[in-house]
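Top line first, the protein sequences correspond to chains A and B.
Using the working numbering, you'd call the opening residue of the first sequence number 1 and step up by one each time.
Using the working numbering, you'd call the opening residue of the second sequence number 161 and step up by one each time.
Everything labelled a hint here was simulated from the structure, so no lab data went into it.
Cβ coordinates follow ideal geometry from the N, Cα and C atoms, glycine included.
Take the hints with a grain of salt, since some may be wrong.
[Unchecked claim] List of simulated lysine-lysine pairs, DSS-like, C-alpha gap at most 27 Å:
1. Lys5/A / Lys179/B
2. Lys372/B / Lys249/B
3. Lys389/B / Lys372/B
4. Lys372/B / Lys398/B
5. Lys449/B / Lys338/B
6. Lys73/A / Lys240/B
7. Lys179/B / Lys304/B
8. Lys398/B / Lys449/B
9. Lys250/B / Lys338/B
10. Lys250/B / Lys73/A
11. Lys373/B / Lys449/B
12. Lys162/B / Lys5/A
[As the list claims (entries may be wrong)] Not close to chain B: a few residues of chain A, all C-beta gaps over 10 Å, as computed:
13. Ser51
14. Cys102
15. Gly134
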Amino acid sequence: MSEYKITLELNGHEVSGNAEARITLVDFLRDNLDQTGTHIGCEHGVCGACSVIFDGRPIRSCLIYAVMANGHKITTVEGLEKTNGALSPLQDAFWENHAMQCGYCTPGMLIATHALLQENPDPSDEEIREAIGGNLCRCTGYQQIIEAVQSAAKKMREIP
Amino acid sequence: MKAAPFDYIRVNTLDEACKALSESGEDARIIAGGQTLVPLMAMRLARPSLLIDINDVEELSGISIEGEHLVIKAGTRQVKALSSEIVRKKIPLLAEALSHVGHTQTRNLGTVGGSLVNADPSAEIPLIAQTLEATILVQSVRGKRSIAASEFFEAAMVTCLAPDECLVEVCFPIWPEKRNGYGFHEVSIRDSDYALAAAAAQLTLDGSDNCKKLSLSICGASPTAIRLKPVEESLLGKPPLNQVIVEACEIIDDLIDPQADVHADANYRGRVAKVMARRAISDARDRAKGFLK
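With the hints as extra help, turn the sequences into a complete structure.
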């Protein structure tokens, strides 16, 4: 099968590569672009580990072929850190609040909650639960994740 | 968990999509959101030879009022419909149901039309299409045709769409009456899962608080979402008091054909469907009276 040229705006930079149509966006990110921060879990849209931000909204990168994302803007977990390489307030809060154990779901959780805080700087616990409703975590029981997001939201509201 | 090889084209107009479908035979599929098709392809339950990407077709996206109807173009993202002020105002039942469709990440790509053509027996959008007697417009190189929701869904995951046809839009009638209310209830394992059973009701009260008009459907308890006309008929002209609703819903056992799966046995699904129907009707009544927001 023929390959297609795919160009993305990935974390603010234009990147391209070639892939068959059947290559999902997450495989393209990891295998073609060496961006391995985005994890692959179930590969059929159940676990949320592969969440990325697509044109400003969180999606699952295993449920879209890379060729369909051609010309679109993608933010992955690598794009959340500050320009000086320091952790973002949200990432910092995950660390501080022990919002992970094995870390497998963490990139997806960070993407889902980053997208939430962009839209809603002061979410309720219920709204956080709704935002991570599509992301599975088998370690934390979710409570520390909710606490981390609340703590990050508070910090981010204080920073002008 | 990787899709079998396929070819891919991106089209810019509906005519191009129809032409590509007609030229490429039965193995070609339209892709828009892909939130069901991509996993089916990963599991190789679907194996199209060609995907026709309609995400760039502007004429297949948008929400508008046309006369007494709310029209949603097939490629409109579920998130757009869910956040649409027009949808919330004109067809609040649909807005309520949309909040139960998948979760944020799938709603951001998934489309209204995609859910209709997928025809999952537990899906919310087909349920509302059945309840409100929506019409579905499809197009092929042979022409256009308009299909009533009651005819569109034939069985679980099966519609009457021909292999060369592309869904264009779905048209929901807006009820003109003043004292309308809606109700929607669903039970699922987790928020983002398909419904074990769900019910949707829309009801109009007359000046004496009797039931003047009622439309009621359930999903998850039959191969497709179904209208429960015998229940509707038995409530017409009566005051929809709780006891009256409970009695009217007893007949539901005879109207459904629930199937067992790993999540619920047939008996449980049937009982849940009946309870959801009762609650949907009583919420619709309370909203028509202004007791419930």
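Evaluation of the provided hints:
Between the alpha carbons of Lys5/A and Lys179/B the distance comes to roughly 24 Å, so the proposed pair stays at or under 27 Å and holds. Simply put, Lys372/B and Lys249/B have alpha-carbon atoms about 21 Å apart, close enough for the 27 Å limit, and the pair holds. Among the hinted pairs, Lys389/B with Lys372/B is consistent with the structure: their alpha-carbon atoms are about 14 Å apart, no more than 27 Å. In summary, the hint linking Lys372/B to Lys398/B is supported, as the alpha carbons are separated by about 8 Å, within the 27 Å threshold.
With a C-alpha separation of about 10 Å, the suggested pair Lys449/B and Lys338/B falls inside the 27 Å cut-off, and the hint holds. Our distance criterion of 27 Å between C-alpha atoms is met by Lys73/A and Lys240/B, whose separation comes to about 19 Å. Only pairs whose Cα atoms come within 27 Å are accepted, and Lys179/B paired with Lys304/B is accepted, the gap being roughly 13 Å. With a CA separation close to 15 Å, the supplied pair Lys398/B and Lys449/B stays within the 27 Å bound.
A C-alpha spacing of about 12 Å is found between Lys250/B and Lys338/B, which places the hinted pair at or below 27 Å, so the restraint holds. With a C-alpha separation of about 33 Å, the suggested pairing of Lys250/B with Lys73/A is violated against the 27 Å cut-off. As the CA atoms of Lys373/B and Lys449/B are separated by approximately 14 Å, the hinted pair is consistent with the 27 Å bound. Restraint check for Lys162/B and Lys5/A: the C-alpha separation of about 20 Å stays at or below 27 Å, so the hint holds.
With a minimum CB-CB distance of about 6 Å to chain B, Ser51/A fails to clear the 10 Å threshold, and the non-interface call is violated. At the 10 Å boundary, the C-beta of Cys102/A stays outside the reach of chain B, the nearest C-beta of that chain being 21 Å off. For Gly134/A, the shortest C-beta to C-beta distance to chain B comes to about 4 Å, within the 10 Å cut-off, and the non-interface label is violated.
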